[in-house]
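Student: With the hints as constraints, model all of the structure from the sequences given.
Protein chains in written order, with this note's numbering: chain A, 34 to 146; chain B, 15 to 239.
For the record, the hints were derived by calculation from the structure and aren't laboratory data. Don't take each hint at face value.
Unchecked claim - Here are the simulated EDC-like pairs of lysine to aspartate or glutamate, each with C-alpha atoms no more than 20 Å apart in a straight line: (1) B:103 with B:92; (2) B:18 with A:93; (3) B:18 with A:91.
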Amino acid sequence: MRMGIFLALLGLGLGALIGFYIPVALPQDYAKYMSVAALAALDSVFGGIRAAFEDKFDQEIFVTGFFSNALLAAGLTYIGDRLAIDLYLAAVVAFGVRLFQNLAIIRRYILKN
Amino acid sequence: MPQKTSMYISIMLVAAVLGLMLSLQFRAVNRASSGISIDRAQEVTAELKRINQDKEDLSKEINDLTSKLNQVKQGQAEAVAALQSELNKVRMNAGLITVSGSGIELVLDKPDNTEDTQIPPELMVIQDEYLLSALNELWGAGAEAISINGQRIIATTEIRQAGSFININLNRVVPPYQILAIGNPQELMNTLEMTGGLQEYWRDLGIKVTIEKHEDLTLPAYVKK
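Tutor: Below, the structure is given as structure tokens:
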């Protein structure tokens, strides 16, 4: 478990480092999609952590959920933009609510132990 | 164990991707706040286009107005030239400038005091009327400008006897009287020399008359006293 947390933090730091130092900057037009995708990814990660506390962690579900949630959120936002529907709001609300739920559950687990 | 390893690897991968996404997003958002937003850029670009269009229109207008101004200037120059020539003509007619051209020279001189005593002396004096009738004849023959002893004859010129002298333009003139007239020399000549004309009359009075044609006479301008 500690190994997992350590590796996760290491990966996060590594990714952040790469993100800060790669010369390609995210085009302004895609910042919106990336924001929604990041939100979805965050939700997936917290979902994974919660599953780990519940001992229901499934690696495949975790990995596929992470990528498909991110891509779907970004894709829906893009489609919404093309159709002049603010679908990213739906994504923000849905993932935001789940994020806080997950956080609450994780907090309870931590407090119980 | 291999399952655990692959799990760790996947967790690390996911975490790395998440970090990448977050940092990228962070950079994008930070850049946006420091830079210029797309909307603003578009707005400014549109404004630039509009202003360029305006500028083009205005430079067209400038060209248009400049050509108009040139036309007007040209017209003005022509008008000024026309007025100038008109003014010159009028000045010439009024006797305010010197004129030159072909014409005749008529000289009237009192007779020498000879033995010709049967003519009364007062008749031998050239009187103002003679000059006036000479002027009259010359004007009638189409003279354009006349002067007597350097006095230009204009509309207000007087020729009057003042005692034993004649005043022209308030200037005293004395014999011999040199009358210069610009016009067709032949016609001026004819009107004086015709039978029963002035020349004959003056000769009868004993006045010495000489008439000469000149190709190039110059008459002085009227000088106001």
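Student: Run every hint past the structure and note whether it holds.
Tutor: Hints, verified against the model:
no., hint, verdict
1, B:103 with B:92, "holds (16 Å)"
2, B:18 with A:93, "holds (13 Å)"
3, B:18 with A:91, "holds (11 Å)"
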